[in-house]
Each structure stands twice: as structure tokens, then as C-alpha cells.
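Engineer: Keeping their order, the protein sequence lines are chains A and B.
For the first sequence, the working numbering gives the first residue as 1, with consecutive numbering after it.
For the second sequence, the working numbering gives the first residue as 254, with consecutive numbering after it.
Among the clues, some could well be false.
Not close to chain A: a few residues of chain B, all C-beta gaps over 12 angstroms, as computed [as the list claims (entries may be wrong)]:
(1) ILE411
(2) ALA434
(3) ALA436
(4) LEU441
(5) MET443
(6) VAL449
(7) VAL452
(8) PRO543
Not everything, but these chain A residues come out facing chain B in the computed CB check (under 8 angstroms) [unchecked claim]:
(9) SER106
(10) SER178
(11) ARG226
When the alpha-carbon atoms are kept at most 25 angstroms apart in a straight line, the in silico DMTMM-like pairs for lysine to aspartate or glutamate are as follows [unchecked claim]:
(12) B/LYS430 / A/ASP78
(13) A/LYS146 / A/GLU127
(14) B/LYS430 / B/ASP522
(15) A/LYS140 / B/GLU484
(16) B/LYS430 / A/GLU241
(17) B/LYS430 / A/GLU40
(18) B/LYS450 / A/GLU124
(19) A/LYS104 / B/ASP342
(20) B/LYS450 / A/GLU40
(21) A/LYS146 / B/ASP342
(22) B/LYS400 / A/GLU13
(23) B/LYS450 / A/ASP141
(24) A/LYS231 / A/ASP112
(25) B/LYS550 / A/GLU124
(26) B/LYS430 / A/GLU127
(27) B/LYS450 / A/GLU123
(28) A/LYS140 / A/GLU120
(29) B/LYS450 / A/GLU127
(30) B/LYS430 / A/GLU124
Quick caveat, the hints were computed from the structure, so don't treat them as lab data.
Ideal Cβ placement from N, Cα and C applies to all residues, glycine included.
Residues per chain, in single letters:
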Amino acid sequence: MVVPYSDISSGRELLKVSNLVAGYRRDLPIVIDVSMEVYEGEILTLLGPNGAGKSTLIKGICGLVEVMSGTVVFRGVDISDLETHQIIERRVAYVPQTQNVFAKLSVSHNLDLGAISNLEAYEERLENVYILFPDLWKFKDISAGKLSGGQRQMLALGRALMADPILLLIDEPSAGLSPKLRDQVFQQVVQIRDSGVTVIMVEQNARAALSVSDRGIILANGRLRRVQNAKELLEDPEIAEIYFGPGPTGRVS
Amino acid sequence: MIQYVVDGLVNGSIIALGAVGLSITYNVLRFANFAQGEILAIGAYMSMALIVLMGVGIGSIGPVSFGWPLLVSIAFSIVLTSVTVLAVDWMLFRVLRRRSASRITFIIAAFGLSLIIRNVITLVAGGDQMFLSFYIPKAIPVFGDFKVVPDDVVVLIITAICVVALHSFLTSTTVGKKMRAVAENPVLAMVNGINVKSVIRWSWVIGASLSAIAGTLHAHVTQLDPEMGFELILPMFAALIVGGVTNVYGAVLGGFLIGLTEAFAVSMDLSAYRGAIAFSIMIVVLILRPQGIMGEKERDD
Chain A
1 MVVPYSDISS GRELLKVSNL VAGYRRDLPI VIDVSMEVYE GEILTLLGPN GAGKSTLIKG
61 ICGLVEVMSG TVVFRGVDIS DLETHQIIER RVAYVPQTQN VFAKLSVSHN LDLGAISNLE
121 AYEERLENVY ILFPDLWKFK DISAGKLSGG QRQMLALGRA LMADPILLLI DEPSAGLSPK
181 LRDQVFQQVV QIRDSGVTVI MVEQNARAAL SVSDRGIILA NGRLRRVQNA KELLEDPEIA
241 EIYFGPGPTG RVS
Chain B
254 MIQYVVDGLV NGSIIALGAV GLSITYNVLR FANFAQGEIL AIGAYMSMAL IVLMGVGIGS
314 IGPVSFGWPL LVSIAFSIVL TSVTVLAVDW MLFRVLRRRS ASRITFIIAA FGLSLIIRNV
374 ITLVAGGDQM FLSFYIPKAI PVFGDFKVVP DDVVVLIITA ICVVALHSFL TSTTVGKKMR
434 AVAENPVLAM VNGINVKSVI RWSWVIGASL SAIAGTLHAH VTQLDPEMGF ELILPMFAAL
494 IVGGVTNVYG AVLGGFLIGL TEAFAVSMDL SAYRGAIAFS IMIVVLILRP QGIMGEKERD
554 D
């Protein structure tokens, strides 16, 4: 089923999800029997209609929802029974879709909190985050609640990078952003990947997201439907009809 | 008049320290802890038990009518009250958290807990008033006509030390920073790698420690009885609301304001109405500034 990884990914398996069932309530699983592999150095995008279980799947990986059965093996260790903070300590980072910054705290304070569980090489990482997101340096002393939507998204990403992750999970980084800002955020995600971080992101903007991704996964009703090279998904007429809407510039639901 | 101000500040100190515990529970655990008054009572009774066990009275230092024995008993009370509160959390609130109970369930459970604690105290210590010592406050002149009761000054100093210590704990220690992060956004705190369960335990310990101090000081300047927690809970809530629930320093400010208001009522010979006057202040603040004097408006972003 799994299509060969793209040329950018190294081909080494970083994460293996097997028969995962997860959700908020035991009697109402949202992710049903999902199995997938994630390879080192790739951007993997999770697509699917609202309620397909995309966000719940990445929350299941980092322990924010209950894993009812199945395993999540990260670098050879089953992390499905661990608590969120223990998973984060293993260098998995997660960026929520909303409320993803501490609004009352300053930008630099937010970044400091990102490093609270891993202070090694703190200065160097902070510098790298400010290089990747120059706006954050400009606004480092103002409170995060005053940032614009795009800047806030950059802070959320920067904060996650402060923990020096190996795997970065991002929930809808382009939500609520203009097409221009969306493209900028996606380019930053590519830069993050190029610096050696493996990325799994959930997206609604299927076309824009796939154009920067190595592979895509399509979920529907909590089940895995397709795992394919991003390029192939972009060219698939069936996918185009369902997810890209009409016309070459069509936006998705 | 000056004596009423001092009385107000002393009473305000106790309300303020208790309200800080209320504020921490509200912001970190997200429920109104109706058993907070009883945590002060536990602190006071633990100190009383140790004073009785030591059998040397409460000592004295110079003009101050209490000395090392009381301070030692406060230290032990801090430990015992913290352990008691952690045990209660483990038996009650932890179970509710695991079942993702609604906020109202937490509040009702806390209310039930307060009844249990009050009756356990009555069962163990009896329903009569108890006194830490036969202390009679005696004002001594400081300069000219200005007189103060030395114990009152010490109570204010202890409160000031507690507030400064709390401030440096919250701003300078890693645990304090984690606690503020959990208070603002628990999920984001978790994904920053913060162990929320450990932060919750720390919150109980900080709240219980301040309550043990406040409860013992209250017992020293007045007396102990099983109803003391019930009598303190309403002024503490008023303080929290006046100062602003989202701001722990607001609870301190609110505590002093409520204490001073009550003392003012007493000075006007309206002591029967002091509770009503404190609540009037609360209503005025709620109308003019619903988030409290130092509180921030809730965001919904």
C-alpha cells in the first residue's frame, strides 16, 4: 500500500502507527484502525474532510487523546501508553491549531517555555528560531496576544522548535491565514524539514499543502483511505475533484 | 481609628493568604474550592495539636506574645496540612479529573468535602472554642500617641514575607513558571513538556502552606472553632472577586480591601453588618469592573 517515499526523505522509518484506535471517549472512537509509517526527513500531510479524524490522529501520537488500542512506535519505542510530557521529552513537538501561544506572556517568554523541558543548547536554538522567524525577534518583548494571525502561527512553530524536536506535528498551520501568509508558513515548514526535522501536518488547503509535501495521507470517517506520493495525489483527477474544487486555483472546503 | 486600620490589615492578611489558595486552585485546577476555608481550619487545628503536644505554650519574643514554639508548630502544620490536602486530592479530585467531571461536579464535591472536614474536626477536637494561648492584645506606644499591638505587626510582617516568597516562587522558579503556563493554557503547557500532574500537586502544596500560616495566625489573634472555615470562606471569595480571579496578586489586594472594609464597618458600630458591607463592595466592583480590580478579561481566541 505504501508508495515509495520521495527523493528527499531518507527512507528510514521514524514513526510507525499500527492499528490505532483513538478518541476522546471510549465509546466513541474517532480514529479507527489506522496504520501508517513516517520516514525521516519527510513532510507528510494528512488530508480529509472535516471530522475525518486528522487532528485526532496527531493528538493520539502525542498522547493528547486516549489511545484505545494499537501502537505508536517512535524510534523503536512504543509511546502509546506514555503521558504527553513524556512523549515531548522524547523530542516530539506538537503545534495546536488554536490557542497555540500563551497570549498573556511575551514572545520571548513563550519561546523560553518551549525549551523548559530541554535546556541544552538553548542559546543556539533561540538564535536559529529568530533567524527563521525574524518577525519574532522584532516583537520579542510584546505579549503574544497582540500578534497578528500570521505572526502568532510563527511563534507557535518557533515555540515548538525550541524543544529541538525530531518529529514535529502541526495542526492546520494555514487556518485563518491569507493565501500569501499561508504560502509563507508552508515555506517555513519546508525550511524546518530541510533543517532535519520530520513533519506531519494536518491541512485543509489540500493543493497548497501537497505542493510542499513529500507524501499525503487521506482519511475519511476515521479510516485511512490513501497513502501516496504528494505529486501523484496532486495529479489524481479523483482527488482533484473531491479536495481541490473546480479550476486550477480552486480552494478546498 | 488607627487601631481599626491595623485590625483591618491583620484580618485582611488572613483573608488575603487564604484567597491566594483559592486563586491558585481556581486558575490551575479550574474550580471554585468551597473547601478552602476548611483547609485554613485544618492548618489551625494542626498547629493547635502540636502546641498541645509540645506542652510549652506558644513562647514569647520581647513584646510579642508568641515565640519559637508557635513558629515551629506553623512549620509542622504546613507539612501536615499539605500532606492532608494531597491525600484529599488523590482520593477525591484526582478521581473527578480522570473522569473529566464538569466544573459544577468539582464545586459540589468541594462543598461536600467542606462539610466532612468540619465534622471530622468536631469529632476529633470537639465543638467548643479553643485557644492557642491566653493572649490578651496589649497596645504599646511606638511614638507619641501612636500605639500598636506588637503581635499585629508580626502578623503583617509574616504576610509580607509570604507574598514576597510567593512572587519570587511564581516568577523565578521553574515550577512557578510551569504553574503559570498551566494556569493560562493546560493543553499548551502539556505540549511544552510540562508534567501537569506534578504542577497540580505543587499548587495544592503552595495553597495549603499559605492556608496553614493564615489559619494559625487567625487562630492566634482570635480562636479556633470548627466553624472557622465556614466563616472565612465568604470573605475569601469576596476578596478573590474584588481583586480579580485571574490574578493571584489581585487576591492579596482584595483580601486587604475586604479586611479594611469589615474593620471600617466595626468602627461605625455596624459590626453585625460587616459581612453585608464587604459584599456590597463586591457588588460595586462587579458592576464597575466585572473582571475585578487586577483581573484580565477572559479572552476567547
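Engineer: Now tell me if each hint is right for this structure.
Structural biologist: Verification of the hints:
With a closest Cβ-Cβ approach of about 30 angstroms to chain A, B/ILE411 is found to remain outside the 12 angstroms limit, as its non-interface label requires. Listed as outside the interface, B/ALA434 is inconsistent with that label: its C-beta sits roughly 6 angstroms from the nearest C-beta of chain A, within the 12 angstroms cut-off. The claim that B/ALA436 is not at the interface with chain A is violated, since a C-beta of that chain comes within 12 angstroms of its own (minimum 9 angstroms). At the 12 angstroms boundary, the C-beta of B/LEU441 falls inside the reach of chain A, the nearest C-beta of that chain being 6 angstroms off.
The claim that B/MET443 is not at the interface with chain A is violated, since a C-beta of that chain comes within 12 angstroms of its own (minimum 4 angstroms). For B/VAL449, the shortest C-beta to C-beta distance to chain A comes to about 7 angstroms, within the 12 angstroms cut-off, and the non-interface label is violated. Once the 12 angstroms rule is applied to beta carbons, B/VAL452 is inconsistent with being away from chain A; the minimum gap is 10 angstroms. A cut-off of 12 angstroms between C-beta atoms confirms that B/PRO543 is not in contact with chain A; the least separation is 18 angstroms.
The restraint placing A/SER106 at the interface with chain B is violated, with a minimum CB-CB distance near 12 angstroms, outside the 8 angstroms limit. Hint status for A/SER178 relative to chain B: violated, with the closest Cβ pair at about 18 angstroms, above 8 angstroms. Because the beta carbon of A/ARG226 sits about 28 angstroms from the nearest beta carbon in chain B, more than 8 angstroms, this interface hint is broken. The hinted pair formed by B/LYS430 and A/ASP78 fails the criterion: a straight-line CA distance of about 30 angstroms is larger than 25 angstroms.
This hinted pair checks out: A/LYS146 and A/GLU127 have alpha carbons roughly 22 angstroms apart, not beyond 25 angstroms. For the hint linking B/LYS430 to B/ASP522, the alpha-carbon distance of about 45 angstroms lies beyond 25 angstroms, and the restraint is violated. This hinted pair does not check out: A/LYS140 and B/GLU484 have alpha carbons roughly 47 angstroms apart, beyond 25 angstroms. For the proposed pair B/LYS430 and A/GLU241, the alpha carbon gap of about 49 angstroms is over 25 angstroms, so the pair is violated.
Note on B/LYS430 and A/GLU40: the hinted pairing is violated, with a Cα-Cα distance of about 34 angstroms set against a maximum of 25 angstroms. Restraint check for B/LYS450 and A/GLU124: not satisfied, since their Cα atoms lie roughly 30 angstroms apart, outside the 25 angstroms limit. Taken as a hint, the A/LYS104 and B/ASP342 pair is broken in the structure, with Cα atoms around 29 angstroms apart against an allowance of 25 angstroms. Under the criterion of a C-alpha separation no larger than 25 angstroms, the hint pairing B/LYS450 with A/GLU40 is inconsistent with the structure, at around 32 angstroms.
Of the supplied pair hints, the one linking A/LYS146 and B/ASP342 is violated, its CA atoms being roughly 37 angstroms apart against a limit of 25 angstroms. The suggested pairing of B/LYS400 with A/GLU13 is violated, with an alpha-carbon distance near 78 angstroms, which exceeds 25 angstroms. As the CA atoms of B/LYS450 and A/ASP141 are separated by approximately 30 angstroms, the hinted pair breaks the 25 angstroms bound. For the hint pairing A/LYS231 with A/ASP112, the CA-to-CA distance comes to about 38 angstroms; that exceeds 25 angstroms, so the pair is violated.
Between the alpha carbons of B/LYS550 and A/GLU124 the distance comes to roughly 36 angstroms, so the proposed pair goes past 25 angstroms and is violated. Between B/LYS430 and A/GLU127 the alpha-carbon distance is near 22 angstroms, which keeps this suggested pair within the 25 angstroms criterion. A C-alpha spacing of about 29 angstroms is found between B/LYS450 and A/GLU123, which places the hinted pair above 25 angstroms, so the restraint is violated. As the CA atoms of A/LYS140 and A/GLU120 are separated by approximately 21 angstroms, the hinted pair is consistent with the 25 angstroms bound.
Straight-line distance between C-alpha atoms of B/LYS450 and A/GLU127 comes to about 32 angstroms, which puts the hinted pair past the 25 angstroms bound. The suggested pairing of B/LYS430 with A/GLU124 holds, with an alpha-carbon distance near 22 angstroms, which does not exceed 25 angstroms.
Hint compliance for this structure: hints 2, 3, 4, 5, 6, 7, 9, 10, 11, 12, 14, 15, 16, 17, 18, 19, 20, 21, 22, 23, 24, 25, 27, 29 are not met, and every other hint is.
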